[in-house]
Every structure is written in C-alpha cells, then in structure tokens.
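Chains as they are written, first to last, in numbering that gives the first Met the number 0: chain C, 0 to 255; chain F, 0 to 255.
Simulated from the structure, these hints should not be mistaken for lab results.
It does not matter which identical chain is used: a pair holds within one copy or between any two.
Cut-off 30 Å, straight-line C-alpha distance, at most; resulting in silico cross-link-like pairs (DSS-like, lysine-lysine): (1) LYS224 <-> LYS24; (2) LYS24 <-> LYS110; (3) LYS224 <-> LYS99; (4) LYS99 <-> LYS162.
Keep in mind that this is a model prediction, so the values were computed, not measured.
Number of protein chains: 2
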Amino acid sequence: MVLALAAAEFPQVDLAFHPQCFVEKGHFAGDDAVRLAALLDAANDPDIDAVWFGMGGYGACRIAADAAAGMGEAARSKTFLGYSDAGTILGALYRYGIGKPVHGPLAGDIKRDGGDEAIRRVLRYLSGEVVELETGLDHRPAVAFNLMTLAMLVGTELMPDVKDHVVLVEEIAEHLYAIDRLFFHITQQLEGAVGIRLGRISAVPENDRPFGSTEEDIARYWCEKSGIPYLGRADIGHDAQNAIVPFGITHHKDFT
Amino acid sequence: MVLALAAAEFPQVDLAFHPQCFVEKGHFAGDDAVRLAALLDAANDPDIDAVWFGMGGYGACRIAADAAAGMGEAARSKTFLGYSDAGTILGALYRYGIGKPVHGPLAGDIKRDGGDEAIRRVLRYLSGEVVELETGLDHRPAVAFNLMTLAMLVGTELMPDVKDHVVLVEEIAEHLYAIDRLFFHITQQLEGAVGIRLGRISAVPENDRPFGSTEEDIARYWCEKSGIPYLGRADIGHDAQNAIVPFGITHHKDFT
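Use the sequences and the hints to build the structure in full.
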C-alpha cells in the first residue's frame, strides 16, 4: 500500500523495503543480527538518502549501540525517520551525532485511520518539500519520544544530551498510574532540558478505579516537582496525526 | 483477617493498622500528604518497632524523598517491610541508611491463595523468631525489587548504591517484551552489582505472537551483555511464597 501510494503520488521518490522488514522471528522482524545488518545496509549505502523505519514494535534497544558503532561516512548526512520504539535508535544516533534523526510516522502507520495522510506527510518531508512540522517547534532544539521508550533510554549509554532541549513525549496503552511513574522517572533525568510538552496519551486502559487526575495534571505535577517547565501540549502520538519533529534545531526553511 | 490471625497466633505482637490504610483517594490510599503523614507517624513513633506496608499499589515514588527526609531518630533502628511499589520506599531508606528495609509479603497478601502462610512468615520475622529467609542468600549483601519498580528507581535520587550487592528481581503482569526492555534498562545501571537473580515472572499477558525466548533467556542475555553475572532463580514474586529478603548483609542469626 505504501509502495503503491508512493508510486502514484511521489514518482520522484525511489522507495524500497528491505527484505528484513518482512522476516518474522518470535516477537521480532528477524533476530538481532538480521535486524542490525539490515539497518547498517541502508545506513551505510551512499545511494540511499533516508532510512524510514517500517514499524515501531519493541527491539531497537537490543541493536542500537552496535548500529551506532557500525555506521560509517554515508550515514552521517542521512535522515532517519520513525518513532515509538524506533526512538531508541533515533536517540542513540542523536547522542553520537550521526545523521539527522526525525520523529515522524512509520510506514506501517498506513494501516491507521487516515494513515494515507501520515504517509504523504513523510514522503513530502523526505522529498525535501516544505511541509508542516509539529506546530509548537520554535528556535529551541527539540527531541520527541514515546514516554516508555524515553524512560528506558534515560541513564543508559544510548541517551542523548537534552540540555537546552524541549522534550516532547507521547504514550499509548498505558494506565495513568504508569504514566505517573514514567514521569517521575524521566523528570529526574532530563538535566538541563528547557521544558516538556505533552503529546497524546491514547488508549489508556480502564483502571480498577479512576486515577484521580488527568494526564496533563500528571505532567504538570512532575514538571513542577523537578523544576522543568511544562510547556503545554504537543501534536504527536500513536495516530495518523502524529507530527514530524526533527531532532535538534529546526531551521526556518523546514517550517511552512 | 490479618488482625484476627495475629491475635490468635501472635499474642506477643501488637499490630495496628493506621487509619490511612483505609482511605481512598482516586488511585491512592489518600493523597500524597495523607500517605506521607501516616508513614512518618509510624516511622517516627519510638513505641513502634516495625512498619509493615499494607499494599504495594503505585504511589510510593511521590512521597519517598519527603518520607526519607522526614524520618528522625526513632526510624533509624526500625524495620520497614513490604515489596512491589513499596520497594521504592525501601530503596530510598536503604540509600539514606535509614532503618532496616526488608523485602517481604504485604499485609494485603492475606487475600492470596495460601496468604495466611505469607502473613505468618512476616509476623514470625517481625517477632524476632528465626525464620526461613530467601534460600539463596549468602554472605554477600542483597536487595530485592519488583523489576518495574527498580527500573523506575535507577538513575533517580532515590536509588541506593548496589555495589557488591546481589540484586533479586521479580515481576507480574508484564509482557515478555516489556521484561526484555526493563532488563536492558536496569543492567545498564547497576554499577558494581555482583549478580542478578531472577524471581518469578508471573501472569505474563499473551503476546500477539510468542516472544521467542523465555524469561530466563532474557535475564541471561542482558546479564551477559552488561557483564553482570546471572546467578540463577530467586524465591520471590507476587505470590504467597514470596520469600523474605533483608536488604544488605543478612547476618547468620537470621538464617534458619
């Protein structure tokens, strides 16, 4: 479906899926070695301009360090685009100054309601068109993460320095008490961050009793407690509206 | 039920539940101030020998720092016993050298199958009887945590130093992929730990496909990757068999 849409509407884009995308090995699309090799194939190929992550299911933390270590010259100027668990790779690349990590829809997001638009947004962006980015981005550098993914990243060898950054987070399918404890964990470890913005917290499972405060109350509570400014909502989430957020400073030409 | 059991079988124990245990406020047994005040009431009362946590539901990280800061002389020699989310408090107390934190069944565990025995084990322990502790404890200091609780603790101001410690972990109701990423997270941050032992990983939700490796494979994988020795299974978990693990060095007199 993604290839058909790209062929019909983006003839200037040469899009290909690595065969690894279709491998199944337990929970993963191939074992660690297979996934790592596929990522390095694409990252180190000088004829490829961008690596677009197919899906965001779990597994990136098992290969991210080796991936960053294995990336050569061709990866340095390349765009890497995805989100959710793939944020682990984006974070590691950002930490090591490799390429241009970008939070945005995955190829697999075409299956969502309105997913075609998410795919078009990415293909326009990757084509170098001027596209609408996350609307709250300003002159300050930003990063965007799934909240759980970020929580598993902080304190590890993969975590980038977010000093002076605005940190955008989103989550899906976690109880509000889990959101609360994730906020405890991350707000203790975003040293120097200039603020947090809250994306969509979707598909929250029913608690055995109402949690007692909203997702925004939670974000405000922990921001206040940790001294990190809470900067309001962000237009990111596990949905077709999930906006594009280039890591780092977004240059004016990237804005519509 | 716990009071009745204690009265019938442990007449030497003067057991009382703080009224706060029965407060309901959203997800919590009282708001942060109410829970904090109750914990400090008990911790700072020189006539109380031990604080036994009633339940292990989420919320301890919201009050743990203030609790540690508010504990005075009477808390210094006191036993604090519980597990699951209450491990956050135990960890913080261990970090600050306050009292004797002990991993063990909660009062609420009486509702489990065989829960009476869990309650008896605790009441014997708190009475100063020689009771059976977790059978793998040796001359090395130990700590025991719920895996998610530990993952939220590492890197924060509440995390104790686990250098030279054996770290026991257990989990309930998490997917195996979540166990895997929690192991990634903790094995990066247990500096100096001499080993990890794996308690029970229970009530694992059905994945959309089999994960592809077992809980013990996961523990071994991350231990090998991080260089922390994997030391086998541990007799702890969210069940009535959950063994008692005093934090730190277990003195010979504590063993049966």
